[in-house]
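Visitor: Under numbering that gives the first Met the number 0, the first residue of the sequence shown is numbered 0, with each subsequent residue one higher.
Note that these hints are calculated values from the structure, not bench results. Honestly, I wouldn't trust all of these hints.
What the hints assert, rightly or not - In the EDC-like style, the derived pairs of lysine to aspartate or glutamate whose C-alpha atoms are separated by at most 16 Å in a straight line are:
| no. | residue 1 | residue 2 |
| --- | --- | --- |
| 1 | K92 | E119 |
| 2 | K107 | E93 |
| 3 | K135 | D82 |
Claimed, not checked - Here are the in silico distance ranges between beta carbons for each label pair:
| no. | residue 1 | residue 2 | range |
| --- | --- | --- | --- |
| 4 | L117 | L5 | 29 to 39 Å |
| 5 | M96 | R49 | 27 to 37 Å |
| 6 | E18 | E93 | 18 to 28 Å |
| 7 | S48 | D88 | 26 to 36 Å |
Quick reminder that beta carbons are idealized off the backbone N, C-alpha and C, glycines included.
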Amino acid sequence: MPEQVLTHESLVEFFGEEEFKKLCNHEAGHALVAFLFKRPLDYVKMNNSREQPGTTHIAGTELEGDAHIAMAGHIAEFLMRKDFKCDLDTVMKELPMELYKSDPDYQKFQAACYYFQLVETNVVEQDYNILMACRKALCGIAEALNQRVYLTRDDIENILKKA
0 MPEQVLTHES
10 LVEFFGEEEF
20 KKLCNHEAGH
30 ALVAFLFKRP
40 LDYVKMNNSR
50 EQPGTTHIAG
60 TELEGDAHIA
70 MAGHIAEFLM
80 RKDFKCDLDT
90 VMKELPMELY
100 KSDPDYQKFQ
110 AACYYFQLVE
120 TNVVEQDYNI
130 LMACRKALCG
140 IAEALNQRVY
150 LTRDDIENIL
160 KKA
């Protein structure tokens, strides 16, 4: 059976327009921070899977930056939903209530913080500052991902050059 070619339309049909946009915003956060941390980012793509709707593929097994990358998706989606009109205190108060302890990103975030002896609040603050400073690039990646479903490292680099 040939693999289904995923398009914006097929994924909007699968998730619904609003949910798909949220998922793209989330994955854009992972991709942007992975790129900025100079991790070997291969691609970012959206999937028709409720368990793993997006994939930011990073080659290798290096863990440097994992805490920041894991949490960046949640923070990016939160900031974009609030139209970037919230301060760090709002993120610190409201975002934890939205996170589920069973969420794989959250578990990876906690594990990386423990492994690297990082303070979780410091990672959130650093992600917040990065995403606020790079909001134009973040929105560009999210929009491109929403339309094209699959972005290469070069695509992301070009978006950052234009931002």
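Visitor: Could you run down the list of hints and mark each one as holding or not?
Guide: Hints, verified against the model:
Our distance criterion of 16 Å between C-alpha atoms is met by K92 and E119, whose separation comes to about 14 Å. Under the criterion of a C-alpha separation no larger than 16 Å, the hint pairing K107 with E93 is inconsistent with the structure, at around 20 Å. This hinted pair checks out: K135 and D82 have alpha carbons roughly 12 Å apart, not beyond 16 Å. Look at L117 against L5: about 35 Å separates their beta carbons, and that is inside 29 to 39 Å.
Distance hint for M96 and R49: a CB-CB separation of about 22 Å, inconsistent with the stated range 27 to 37 Å. For the hinted restraint 18 to 28 Å between E18 and E93, the CB-CB distance of approximately 20 Å keeps it satisfied. For the pair S48 and D88, the beta carbons lie near 35 Å from each other, so the given range of 26 to 36 Å is met.
Violated hints, in rising order: 2 and 5; the structure is consistent with all others.
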